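J.: Chains S and B, in that order, give the protein sequences. Residues in the first sequence are numbered from 1 upward in steps of one, following the working numbering. Residues in the second sequence are numbered from 1 upward in steps of one, following the working numbering.
Hints were generated in silico from the structure; no laboratory data involved. Predicted, not measured: the structure shown is a model, and the values here were computed from it. Wrong hints could be hidden among the right ones.
As the list claims (entries may be wrong) - Result set (EDC-like, lysine to aspartate or glutamate): computed pairs, CA atoms no more than 16 angstroms apart in a straight line: (1) K271(S) to D289(S); (2) K219(S) to D191(S); (3) K227(B) to D191(S); (4) K81(B) to D191(S); (5) K227(B) to E187(S); (6) K78(B) to E187(S); (7) K78(B) to D190(S); (8) K81(B) to E251(B); (9) K81(B) to E184(B); (10) K81(B) to D25(B).
Stated by the list, open to error - Facing chain B, a subset of chain S residues (Cβ under 10 angstroms, in silico): (11) M35; (12) V188; (13) D285; (14) E288; (15) P320; (16) L329.
Virtual Cβ for every residue (Gly too), placed ideally from N, Cα, C.
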Amino acid sequence: MKRMTIHKKFNPDAFKDREIVNRLTQEIKLLAARMAPLKIMHICGGHENAIVRYAIRQFLPAHIKVIAGPGCPVCVCPVESIDEAITLALLPGVTLLTFGDILRVPATNSSLEEARVNGGSVKVVYSPLDAIKLAQHSPQQTFVFFSVGFETTAAGIAGLIHSGVPENLFFLIANRYMPPVLKLLMEVHDDSLQGFLLAGHATAITGLGVYDFMRDEFKLPCATAGFEPVDILLAIRELLTLIKNDQHQVINCYSRVIKNEGNLIAQKCLKEVFDLKPGVWRGIDKVEDSAYVLKDKYAFLDARKQLACKPSYPPQAHHPSCLCHRVMLGEVEPQDCKLFKKACTPSKPFGPCMVSPEGTCHVRYSYSEIKIDSL
Amino acid sequence: MQEISYQARNNVGHIKFPIHNGAMDLSHCRQLLHTIELAKEDHACKVIILWGGPDFFSNGIDLNAVHLQYNASILAYKNLKALNNIVHAVLTANTKLVISALQGSASAGGVMLAIAADLRYARKNIVLNPSYANLGLCGSEYWSVLLPAIIGYGFTQKLIYEASPVSAAEALRLGLIHQIIDGEPDTFEENITAKAEYLASTNINARLAAKSVLNHHLLAQMETQVKLELEKMKDCCNHPEFESARGRFVEKNGHQQPLFLNAAAGNIQQKNKRDDQDDNTYEANDNT
Ligand code: SF4
Ligand code: SF4
Chain S
1 MKRMTIHKKF NPDAFKDREI VNRLTQEIKL LAARMAPLKI MHICGGHENA IVRYAIRQFL
61 PAHIKVIAGP GCPVCVCPVE SIDEAITLAL LPGVTLLTFG DILRVPATNS SLEEARVNGG
121 SVKVVYSPLD AIKLAQHSPQ QTFVFFSVGF ETTAAGIAGL IHSGVPENLF FLIANRYMPP
181 VLKLLMEVHD DSLQGFLLAG HATAITGLGV YDFMRDEFKL PCATAGFEPV DILLAIRELL
241 TLIKNDQHQV INCYSRVIKN EGNLIAQKCL KEVFDLKPGV WRGIDKVEDS AYVLKDKYAF
301 LDARKQLACK PSYPPQAHHP SCLCHRVMLG EVEPQDCKLF KKACTPSKPF GPCMVSPEGT
361 CHVRYSYSEI KIDSL
Chain B
1 MQEISYQARN NVGHIKFPIH NGAMDLSHCR QLLHTIELAK EDHACKVIIL WGGPDFFSNG
61 IDLNAVHLQY NASILAYKNL KALNNIVHAV LTANTKLVIS ALQGSASAGG VMLAIAADLR
121 YARKNIVLNP SYANLGLCGS EYWSVLLPAI IGYGFTQKLI YEASPVSAAE ALRLGLIHQI
181 IDGEPDTFEE NITAKAEYLA STNINARLAA KSVLNHHLLA QMETQVKLEL EKMKDCCNHP
241 EFESARGRFV EKNGHQQPLF LNAAAGNIQQ KNKRDDQDDN TYEANDNT
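Could you put the whole structure together from the sequences, leaning on the hints where they help?
T.: Given below as structure tokens:
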């Protein structure tokens with residue numbers, strides 16, 4: 001069979017086209033037929049959402065497993081940072097600004113939403129630019145932007161800070177940088193992972209080169225992927241081809257969005273504004289060089305340095321029965337958690353993975369009944 | 001102080017690792033592995049002696065360091081894999097004869113490190129605690145290959161399930177060690193060095209050829225068994241039992257004497273008392 005290729009100027013609908021999906025599925029089956037059982041991990045909440053929504057796992061041969069890693073920025077946001085955000089929101093004269101997803105995430109004693117009910121000042125913004133506008137509009141008030149997210153969000157914040165912000169706006173930075181966590185995943189999974197699907201938007205910022213260590217150190221192939229069924233199946237097919245040929249490149253299967261070198265301007269901004277320091281990934285571990293931290297020259301914008309944000313209680317990452325940290329590491333499935341769909345639901349989440357639409361538990365809860373025919 | 005050292009004299013490589021409390025953290029493990037690899041590649045060395053330290057041979061992974069970590073399970077898992085690599089390096093030292101010289105006690109992974117050697121000599125008062133269950137762990141470091149091969153399936157069951165500590169005398173009867181060498185530490189060291197130098201200089205090829213035949217089956221089982229061990233260990237590391245055992249360990253020993261050695265010493269004292277009272281001895285129990 002002639003291998004299918006996808007051209008850049010493809011009709012967008014084609015990325016959902018059932019016939020193309022079928023052809024890719026056939027190609028994957030043929031490739032996989034002579035391969036031993038293997039596991040591929042993706043590290044993007046958007047991918048988990050698409051994979052479950054489009055029932056992609058049902059298209060794959062049973063011995064080819066695609067498992068979810070720590071791809072949801074809301075889930076990996078350390079509880080310590082949410083506790084700090086809550087402390088700030090409760091300070092008189094301070095308004096905490098953040099994206100909506102993080103509001104309902106349970107922290108040590110409460111959530112930001114509960115803090116708001118208890119008189120804390122918390123406002124949802126849709127872009128960091130809104131934070132600038134709000135701060136300019138109320139110069140008497142102190143604002144703190146609580147920044148949660150991976151490279152994409154961090155780049156936005158870096159751009160903003162680089163071009164100057166009002167004096168009454170501070171930042172509580174909890175952004176995480178993805179590449180170093182792959183080393184931890186390799187350590188936890190030993191030699192049971194054979195490849196990675198790289199996050200779509202985050203790699204658009206960093207480019208592919210930051211994952212070269214996967215090729216050099218671990219001899220494992222990686223592929224970027226988009227978010228439509230065809231994007232994901234195509235990336236899986238390419239990964240399987242590399243695995244089969246014992247090749248370990250980092251390849252770009254989402255070239256309509258990602259340039260191999262990434263976004264050079266964003267990279268420059270990130271370098272200018274942030275250092276990378278060891279950072280906690282909620283309940284998972286402290287990972288070297290994975291936390292964006294404002295450089296010393298921007299200490300005057302750092303809420304941790306300028307405002308009293310230390311809570312009076314010690315942090316607790318998870319409810320004792322919640323397996324979020326292991327779900328995020330791809331060690332267990334949400335169904336392995338005793339609370340899944342019982343005590344823990346999106347309306348009453350016990351752990352972060354049940355809150356965000358990119359969280360593995362939330363995704364599995366929302367789309368668990370979808371079968372191939374409903375595509 | 002440099003904790004891990006290697007010195008080669010008269011065809012014998014001496015590896016010393018007097019690590020505080022015998023508790024090996026990740027960097028100790030990596031350093032010891034590197035040292036063993038160095039000795040394995042040293043053509044001048046025919047026999048390697050693992051000396052451990054004067055107070056403890058080795059007590060396996062450093063639970064204090066593990067307990068203080070953000071995610072103790074992950075560090076414990078990394079740490080025990082690093083210790084696995086050391087035991088693996090000893091077991092695959094095909095061109096050397098390896099001796100372990102136990103001046104002090106050993107427990108958990110430290111016991112496996114000791115018994116991975118081809119010949120094992122110990123001082124009189126040492127205690128071996130080859131069980132992990134007291135720590136909420138099922139064990140790794142190739143115990144499921146080594147113990148049955150050395151002491152048999154039945155004794156392995158007893159040691160592992162009952163988590164029983166073993167005195168030097170019992171260890172000798174079981175075959176965990178080959179000889180008890182009495183006397184002062186200096187005499188112990190001289191005695192073993194002399195033995196090693198003799199073995200290294202007399203018919204070493206024949207001894208190594210015998211080793212390769214004897215270890216053939218054991219080496220073949222290693223890969224499958226270690227996978228099983230690690231799979232179960234990962235579950236144990238994430239189980240609340242491990243967390244509470246660790247908590248008790250850190251709290252009780254106040255970063256001093258490892259809990260299991262206190263327990264082991266206590267158990268052995270009690271057992272000696274019982275033995276004095278009636279003759280219900282360990283081997284009498286196990287011969288039934
Ligand atoms: S921001 Fe985009 S790339 Fe990053 S995890 Fe979410 S969906 Fe994936
Ligand atoms: S189902 Fe709920 S409690 Fe269980 S792992 Fe997921 S978020 Fe945590």
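J.: Which of the listed hints are broken here?
T.: 8, 9, 11, 14
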